[in-house]
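**Q** Going line by line, the protein sequences match chains E and D.
To convert, note that position 222 of the first sequence is 222 in my numbering; the numbers rise steadily by one, no gaps.
To convert, note that position 59 of the second sequence is 59 in my numbering; the numbers rise steadily by one, no gaps.
Quick caveat, the hints were computed from the structure, so don't treat them as lab data.
There may be inaccurate statements among the hints.
[Unchecked claim] Rough simulated footprint, nothing fancy, chain D against chain E, three-plus residues with beta-carbon under 8 Å:
1) 75 to 85
2) 89 to 95
3) 102 to 114
Everything numeric in this text was worked out from a predicted model, so none of it was measured.
Every residue gets a Cβ at the ideal spot worked out from N, C-alpha and C, and that includes glycine.
Each chain, written out:
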Amino acid sequence: MAVLEVKKIKKSFGGLDVLKDVSFSLEEGQVLTIIGSSGSGKTTLLRCLNFLETADEGQILVNGKLLTGSHLTEEQIRENRLHFGLVFQNFNLFPQYTVLQNITLAPTLLKQGSQEEIQKKAMELLDKVGLTQKKDAYPCQLSGGQQQRVAIARALALNPQVLCFDEPTSALDPELTGEVLRVIRGLKEQNTTMIVVTHEMDFARSVADVVIYMADGVIEEMGTPEEVFDHPVSEKTRHFIQGTQQAF
Amino acid sequence: MFVPVTMQLLGGFWETLKVFSLTLLFSLPLGLVVSFGSMSKFTPLRVLVKGFVWIIRGTPLMLQLIIIFYGPGLVFGLPAMPRFTATILAFTINYACYFSEIYRGGIESIPKGQYEAGQVLGMTKSQIFFKVVLLQVIKRILAPISNEVITLVKDTSLARIIGIYEIIWAGESFIKKGLIWPLFYTGIFYLVFSGLLTIFFGRMEKKLDYFRG
Ligand SMILES: Nc1ncnc2c1ncn2[C@@H]1O[C@H](COP(=O)(O)OP(=O)(O)OP(=O)(O)O)[C@@H](O)[C@H]1O
Ligand SMILES: [Mg+2]
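For reference, chain D alone in the conformation it holds in the complex:
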């Protein structure tokens, strides 16, 4: 039984992995854009973005998934999005909002003197951001980002609500055959995966240990 169960779970895990990596790929940069919006000096934009972030962070991801998948069809009569696209869309928006708050905290914690030193040396705004500030921000936000990423590993299981055949669904399907251990087995997948991520982020933190600031 072990080999077929493993094969089945690997199939589910592949879906999990796809949701996980595509979400990160899109939401990490999108979060930066959102954070710039939430720090904008243009008040209407800032209020709008902050309001949006509040709504996304204040409601369950499960609800957002359902609304994004069924909403456009029910409200506007549009053809349904593919399940997978809807999943990535919902996860990306949700995680971009969480990341944006982490970025904002990191960016705002950099002393004003760093920007001013760059300005006085004739650097442009973008040179100051990318060459002076960014690495310092990354160092400061690494721990909260790694928390969020590990949460994402587990949140991917929510995608089953709109029919994504992820690993827990795969494990659960053995219950009707009277098998409980495949469910524990899925837990091992999660543990190993988040363990690897923990090691990865630990290494990154070590890499940035060479400077203080």
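If we strip away everything but chain E, and leave its shape as in the complex, we get:
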């Protein structure tokens, strides 16, 4: 059974239809990358999955459980969110807390185990992202790439079923993107189910099990990396892929 099923999601802002009937599903351990030009609705889709926006129509199911509906209480929305993690473009670490505290804050507030367990888990996650020796540093003392790795560890601390990334490297200097992409690749090896919105075409292709090309609020093309990048069916997709290749 699919971990995540998204059915006919629609979202508009004012009169602007940003998502028009978006449907897809994702199996456990799969990595989905989403590419598409600016304004095509990629961020909005991730925000709907994390309930930062409420989809106007459509359903979101995780492990068969329906998470969307019209009469959800704030409490229910908060619980539903925990199925997903989100790593932001600009990290959004909490500046007044150390690296370790950034990771342990939410599990502590949500009472997910004893303080010892939470600390131990956080240290394991820091090890995973290669920042054990920075555990007592404050975000302002870290490079962008290091901050993004902390943000990844922070999201993982709550064991989300699906971890979403919104252009995790686009706020970084080019020489720092590699370290973040390597962490994401490492997570794939450990079977983390992920959705990655990215403009890094080589990465989108190499890390993905499934690729979605979005255009104007619809899934224009969906398939394996080979299908989407090498043999796109849609003219629009072909155009977009060619455009990104010519850029280099």
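Given the structure of chain E, go ahead and fit chain D with the ligands onto it with the hints provided.
**A** Chain D with the ligands only, in chain E's frame:
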């Protein structure tokens, strides 16, 4: 003459200090409540609160003092409030409104991403406010708050208009004995007190220097 003058001024200064500290005690938290009102999504409440803040900030504290002390008796025939209670009431309302605007500016300056990061991590609204946002707001508003607090030190002298025997009144009472220096002496009280507050706020700012944001 020095010792009796000092004793007299200390008596006045005690009143000044009481007005100062009780005003802060009540107006700092009340200001937060007012700021939430002025940011409310419920339009009637927001308009009401903003209108109230406009009136309080747009009229002299001296006028508010007089109205609060004499108003209830003249308009509704109520028994007069004790002078001191009226003073604290007027100062608290006035300062809460000023603080509320500082809080609002601070709260609104926190990037949306901080709230969203907290939301995505499953925190409740109040956890986000108290555990994520508040300290960042405090760091940002410390300088304007310290300005306001030092202004309050000097504003306490207005309380004499409804008969609070504060330090300047105490100093002035020596004029009829032909002494001017007690008035300068009161100035020294103010300088020392606001100097101490400046040092205190400087320390607080240093304490919050460890993070940027
Ligand atoms: N809160 C909002 N209010 C109004 N319009 C919005 C809002 N959020 C997004 N939009 C609009 O929705 C459209 C899609 O935005 P979205 O951020 O999802 O695009 P994107 O694919 O992530 O683009 P980019 O690659 O630039 O990040 C844009 O036209 C944007 O202006
Ligand atoms: Mg985007």
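**Q** Would you mind marking each hint as holding or not holding in the structure?
**A** Hint check:
{"no.": "1", "hint": "75 to 85", "verdict": "holds (count 6)"}
{"no.": "2", "hint": "89 to 95", "verdict": "holds (count 5)"}
{"no.": "3", "hint": "102 to 114", "verdict": "holds (count 4)"}
Going down the numbered hints, you'll see the structure goes against none, and every one checks out.
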